[in-house]
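Visitor: Let the sequences and hints guide you as you build the complete structure.
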Amino acid sequence: MKQILTGNEAAAIAAKLARVKVISAYPITPQTAIVEKLAEFVADGELEAEFMKVESEHSAMSACIGAAAAGARTFTATSSQGLMLMSEMLYIASGLRLPVVMANANRALSSPLNIWCDQQDSMAVRDSGWVQLYCEDNQEILDSILQAYRVAEELLLPVMVCFDGYILSHTAEPVDVPEQGEVDKFLPPYELPHPLDPERPVTMGPVGVPEYYQEIRCMLQEAVRVAEDKIAEIDRAFGRRFGRRYGLIERYRSDDAEVVLLTLGSLSGTARGLIDRYRKRGEKVGLVKLRVFRPFPFGELIDALGHAKAVAVLEKDVSLGSGGALFIDAAAAFIDVARRPLMLNFICGLGGRDVTQLDIREAIRVAGRAAETGVVRRAVRWLGLREKIVGLRPKL
Amino acid sequence: MRITVGAIVTDAGNTAQTETGSWRTFRPVVDAKKCTGCGICWIFCPEPAIGEGKPAVVDYKYCKGCGICANECPFKAITMVPEGRG
Ligand code: SF4
Ligand code: SF4
Numbered sequence: 008m009k010q011i012l013t014g015n016e017a018a019a020i021a022a023k024l025a026r027v028k029v030i031s032a033y034p035i036t037p038q039t040a041i042v043e044k045l046a047e048f049v050a051d052g053e054l055e056a057e058f059m060k061v062e063s064e065h066s067a068m069s070a071c072i073g074a075a076a077a078g079a080r081t082f083t084a085t086s087s088q089g090l091m092l093m094s095e096m097l098y099i100a101s102g103l104r105l106p107v108v109m110a111n112a113n114r115a116l117s118s119p120l121n122i123w124c125d126q127q128d129s130m131a132v133r134d135s136g137w138v139q140l141y142c143e144d145n146q147e148i149l150d151s152i153l154q155a156y157r158v159a160e161e162l163l164l165p166v167m168v169c170f171d172g173y174i175l176s177h178t179a180e181p182v183d184v185p186e187q188g189e190v191d192k193f194l195p196p197y198e199l200p201h202p203l204d205p206e207r208p209v210t211m212g213p214v215g216v217p218e219y220y221q222e223i224r225c226m227l228q229e230a231v232r233v234a235e236d237k238i239a240e241i242d243r244a245f246g247r248r249f250g251r252r253y254g255l256i257e258r259y260r261s262d263d264a265e266v267v268l269l270t271l272g273s274l275s276g277t278a279r280g281l282i283d284r285y286r287k288r289g290e291k292v293g294l295v296k297l298r299v300f301r302p303f304p305f306g307e308l309i310d311a312l313g314h315a316k317a318v319a320v321l322e323k324d325v326s327l328g329s330g331g332a333l334f335i336d337a338a339a340a341f342i343d344v345a346r347r348p349l350m351l352n353f354i355c356g357l358g359g360r361d362v363t364q365l366d367i368r369e370a371i372r373v374a375g376r377a378a379e380t381g382v383v384r385r386a387v388r389w390l391g392l393r394e395k396i397v398g399l400r401p402k403l
Numbered sequence: 116m117r118i119t120v121g122a123i124v125t126d127a128g129n130t131a132q133t134e135t136g137s138w139r140t141f142r143p144v145v146d147a148k149k150c151t152g153c154g155i156c157w158i159f160c161p162e163p164a165i166g167e168g169k170p171a172v173v174d175y176k177y178c179k180g181c182g183i184c185a186n187e188c189p190f191k192a193i194t195m196v197p198e199g200r201g
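Residue numbers (the numbering used here), protein chains in the order written: chain A, 8 to 403; chain B, 116 to 201.
If you're looking for bench data, these hints aren't it; they were derived computationally from the structure. Check before you lean on any hint, since a few could be wrong.
Stated by the list, open to error - Here are some chain A residues pointing at chain B (derived, C-beta under 8 Å):
1) L103
2) E206
3) V209
4) M211
5) M226
6) Y259
Positions of the beta carbon are idealized from the N, C-alpha and C atoms, including for glycine.
Guide: Set out below in structure tokens:
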């Protein structure tokens, strides 16, 4: 049934539809409304779950790890500083191979303090062994969380569903909410292979001495890497049941494009309309939306971008001292490929700065010029800066 | 050893294979005259390394020398002696 939902409401309803058994979270803007809604569901008896109030995000993730270790389907949500505080425990969840699912409403990192959207928070934990999905709209948030549980439980990996703070978390739009019965068929109860159980004692999180640690890490890396196939398979199964599928990436009018935008999250929505305008004028500009950032879909990206003359990577994050996280990986995808596009990186939309179609046109213009001349003058650029900052020497 | 998913150890009781006695730099020595056999040291010992009984008996295969027993003994019956001496 179609309902008008904010991104936060869509996330909460998805967790409810997944029949989560344990929720543990600490409030942080802009995520708070998700767990408020879930607390309401539990208090009203609409959701049979344990809602654990904790004193920090570190504890929230710890509680989720404990609950997941006991075999319960668990959920948490956070943003920004909360995710940073969780980061130690994120590695524990993936290292223990526990299928925790989390919603992250993307928000900038302090300092300066900023509660608005960008993706520096989730990008900062991209190496933590969590599967990362980025959503374009509220329907995708709901659908991705349902898919995330299947992915998590079939692969024994934690999954982070990321969506842009405010732009999605606080914006209401129509969302098709599936029937509980249908969700139950898609997402049956699961059993952890070795849960904490006094009848069958196990040790979780033992010391991994140098003779073994590396192998255990390699197993985790392999598990995340091959998750690609499973994510695609589950997405197809979801599509068959609910009529919507998303893929690891989405190609939007990009197959014959000379200049291709590569982006993730709600920016894809802004770019789509603009691409249509370019196409109307006969200009070969396209969009590739990346939905699954971890595991990074190297093969699919090479397929989707290899033919282009120039690729403009637009992203709301920066690996300080390098470039955008998406750009770094996308460029790495082509390292051994003979035919490859020129790659340009545009850092934009940090700390909630609007990314307008005018900004995106600037990126397309610069990428277009690189395509014509075959030269990239500067690989990493910032879009929409108020003042000329880049390249200025700090005055001491 | 077979490495399991998540490095979960499924055979119970394997702690006995870890001989923590090799960590020790100080060894607890029980003074049989002072020990009343109250069992406080046994309760506090983080390893299965000091037994109930009068006087309390230390299992040096597992005693890691943390000194908790000496600290907790209400009768000051345990002295921590540097390894290699006394
Ligand atoms: S706590 Fe002291 S007195 Fe009591 S059993 Fe241990 S050594 Fe003996
Ligand atoms: S020193 Fe520590 S490990 Fe050894 S017997 Fe005393 S409490 Fe136990």
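Visitor: It remains to establish, for every hint, whether it holds in the given structure.
Guide: Hints and how they fare:
For A/L103, the shortest C-beta to C-beta distance to chain B is roughly 5 Å, which falls under 8 Å, so the interface hint holds. For A/E206, the interface hint is violated, the least distance from its beta-carbon to any beta-carbon of chain B being 11 Å, above 8 Å. The beta carbon of A/V209 comes within 5 Å of a beta carbon in chain B, closer than 8 Å, and the hint placing it at the interface holds. Taken as an interface hint, A/M211 checks out: its beta carbon lies about 6 Å from the nearest beta carbon of chain B, inside 8 Å.
Checking A/M226 against chain B: minimum C-beta separation of about 7 Å stays under 8 Å; hint holds. This hint is violated: A/Y259 has a C-beta 37 Å from the nearest C-beta of chain B, more than the 8 Å allowed.
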